[in-house]
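S.K.: Residues per chain are reported as follows:
There are 2 protein chains.
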Amino acid sequence: MRQPATIGIDLGGTNVRAGAVTSSGQLLSYSETPIIAADGPEIGLKRITRLIEQISAEADVQIQAVGVGCTGPLDRAAGTINNPYTLPTWENVNINQALKDHFSVPVSLENDADAAALGESWLGAGRGLSRVLMVTVGTGVGTGFILDGKIYRGLAGVHPEGGHIPIDPSGPQCYCGARGCLESLASGSGIAAIAQNRVLHTPSLLMEKADQNPELISAEMVIAAAQAGDALAMEIVQQSATALALGLINLVHLYLPDCVVFSGGVMHSFALYEPRLKEMMKIHSVMSPLDQISLLLAQLGQKAGIYGAARAAMLDASID
Amino acid sequence: MRQPATIGIDLGGTNVRAGAVTSSGQLLSYSETPIIAADGPEIGLKRITRLIEQISAEADVQIQAVGVGCTGPLDRAAGTINNPYTLPTWENVNINQALKDHFSVPVSLENDADAAALGESWLGAGRGLSRVLMVTVGTGVGTGFILDGKIYRGLAGVHPEGGHIPIDPSGPQCYCGARGCLESLASGSGIAAIAQNRVLHTPSLLMEKADQNPELISAEMVIAAAQAGDALAMEIVQQSATALALGLINLVHLYLPDCVVFSGGVMHSFALYEPRLKEMMKIHSVMSPLDQISLLLAQLGQKAGIYGAARAAMLDASID
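Chains as they are written, first to last, in numbering that gives the first Met the number 0: chain R, 0 to 319; chain Y, 0 to 319.
Honestly, the hints are just simulated from the structure, not real lab data. Backbone N, C-alpha and C define an ideal beta-carbon position, used for all residues, glycine too. Please note: incorrect hints may appear among the correct ones.
Partial chain Y-side listing against chain R, Cβ under 8 Å, derived [to be verified]:
hint, residue
1, L154
2, E160
3, S169
4, C175
5, I248
6, N249
7, L250
8, H252
9, M286
FRET-style restraints, in silico, Cβ to Cβ [as the list claims (entries may be wrong)]:
hint, chain 1, residue 1, chain 2, residue 2, range
10, R, M0, Y, A76, 43 to 51 Å
11, Y, T201, R, P83, 48 to 56 Å
12, R, K149, Y, A76, 18 to 26 Å
13, Y, S23, R, S22, 38 to 46 Å
14, Y, I282, R, P274, 34 to 42 Å
15, Y, G264, R, E278, 31 to 39 Å
16, R, P83, Y, A76, 47 to 55 Å
17, Y, N91, R, A77, 49 to 57 Å
18, R, L296, Y, A192, 40 to 48 Å
19, Y, I42, R, Q172, 54 to 62 Å
Non-contacting residues of chain Y with respect to chain R, defined by C-beta distances greater than 10 Å in every case (computed) [said to hold, decoys possible]:
hint, residue
20, D74
21, R197
22, P213
23, D257
24, L296
Bound conformation, chain R alone (with noise of 0.2 Å):
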């Protein structure tokens, strides 16, 4: 007899990776592709639905549900994804109805953040506790906060940009509005605008680790620097630590989460932030006890997608 299982897609702008998970967590079969976006939605999701039946053959599945964690925009109520900047040619795609069609089954949708935080939630670092915040550093700064087991919204269904919150009115205009959120001063491209801009009035090595081309500069040079410590370098890291530590108190002020999960490519070198987070919290405990939040390492990789996504469709369809 075929086991029954939720298939989770982690949909991103290079690959699309999916697994068969069983409603206790299992992980039965994983395969990936590259998606190619710019082949036009049409050819995409035949890669997709042929993801799914490879993997439920692997592993004898009955698919019971599929979730899709991707980048937003996206309309969740809808099923479709808008995303053209990170998969080109994709414009209103309504991936729900597609795979609706082809297996039958109930469909779910969620921004990639959520799909994250949601698996972590449930299988990873934040397992076992009732209220759950990811924070994602990478290339920008995402947030998906879990309470209860579940992905929590605002009105509208809407999910919390906790990315943008405006922590410093002395800091960059940044896109979403905000002079000196938390994106512009802790991400990683705002990490590497920082340092573009500083190299010109300040020796460093990043000048010579960028071939002598500023715009070259990124955040891994930058951290790399720092590590090998170089003294503009380690200023912009401890600048951009305290940046995140500002952001942070802001998250847990209001969330007063049990613990706080980092994924994302700059938190690779969380070591190099922690001290500074930890103090910070310290300092801003007086009012509430935000020192006794656990600060965590994700668990699950590139996995935490699919196992949230997942866990999203079963909790949509009441599957358990």
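Please arrange chain Y on chain R, whose structure you already have, making use of the hints.
M.R.: Below, chain Y alone, put in the same frame as chain R:
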């Protein structure tokens, strides 16, 4: 036959107010009396029990439960008030036990900001909405968030202190540990402190209003001077409106409430603040529909805390 009702108590530093409230939100009787906390908790608790007996007799009420809203610090689970700052001599006073012993009904203790928010969400400005954020701007800044009709609490049942989110790292040092938290920049005491400093260097009507003694300048004086066209006072009010807007943007980005309900002494001049709040909400609406969030004034006045405290006790005791 006596009518069943729940007693709601609003215990402040000066007065204690009590009302008998039905499960459908009807106020059957109401009264208040000075608490004179310095007489000691034993006498104070007797004043409260007598007040409850009085309003119960007046409306011929059968008491089902008692809910108390009080300024913190307090311990909800233990039922103790530990607030010698606002209620001199009241250290570790177990009000729940005292009222339970006297009335033989369940007793609940809540932070007063949460009680007021619950009252406004139940019967006031936020009636019928799923997510109601209340922001009280008086001597300090307090927040309460009501999610699906219940008070939102964080780790260990702690209530979020949204007045102490840091919004400007170049701002003044607050007792909460932060530099430039919302309260330090937008509260009545924050406005007064800024004005007391600014009048030393800038000519203003305020010096005359304060009999040439800067220390006597209050937020009320600043607002009155701004309304009279004083340039410095207008600038200070505009800056505090910008600070309130920055704090508000942080709050609404993370909670994404259906409405924000404003209360407190400074918000009696809401008209001075509203244009700046709306303008800033619009500017910051790129990522999330912040401009769709209603900005409302509280409707229940001083009774919000009574209704909310009663409602909290009803929820705890499963009274419908």
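S.K.: Decide, hint by hint, whether the structure agrees.
M.R.: Structure-based check of all given hints:
1. L154: 5 Å, holds
2. E160: 4 Å, holds
3. S169: 7 Å, holds
4. C175: 5 Å, holds
5. I248: 6 Å, holds
6. N249: Where the cut-off is 8 Å and the nearest Cβ of chain R is about 5 Å from N249 of chain Y, the hint holds.
7. L250: Hint on L250 of chain Y: holds, closest Cβ of chain R at ~7 Å, below 8 Å.
8. H252: Nearest chain R Cβ about 5 Å off; hint holds.
9. M286: With a minimum Cβ separation of about 4 Å from chain R (threshold 8 Å), the hint on M286 of chain Y holds.
10. R:M0 - Y:A76: 43 to 51 Å: 49 Å, holds
11. Y:T201 - R:P83: 48 to 56 Å: 52 Å, holds
12. R:K149 - Y:A76: 18 to 26 Å: 25 Å, holds
13. Y:S23 - R:S22: 38 to 46 Å: At roughly 41 Å between Cβ atoms, S22 of chain R and S23 of chain Y fall inside 38 to 46 Å, so the hint holds.
14. Y:I282 - R:P274: 34 to 42 Å: Between I282 of chain Y and P274 of chain R, where Cβ atoms are some 35 Å apart, the hint holds.
15. Y:G264 - R:E278: 31 to 39 Å: Since the Cβ atoms of G264 of chain Y and E278 of chain R sit about 36 Å apart, the hinted range of 31 to 39 Å holds.
16. R:P83 - Y:A76: 47 to 55 Å: 52 Å, holds
17. Y:N91 - R:A77: 49 to 57 Å: 55 Å, holds
18. R:L296 - Y:A192: 40 to 48 Å: At roughly 41 Å between Cβ atoms, A192 of chain Y and L296 of chain R fall inside 40 to 48 Å, so the hint holds.
19. Y:I42 - R:Q172: 54 to 62 Å: 59 Å, holds
20. D74: 13 Å, holds
21. R197: 18 Å, holds
22. P213: It holds; P213 of chain Y is separated from chain R by about 26 Å at its closest Cβ, greater than 10 Å.
23. D257: 5 Å, violated
24. L296: It holds; L296 of chain Y is separated from chain R by about 19 Å at its closest Cβ, greater than 10 Å.
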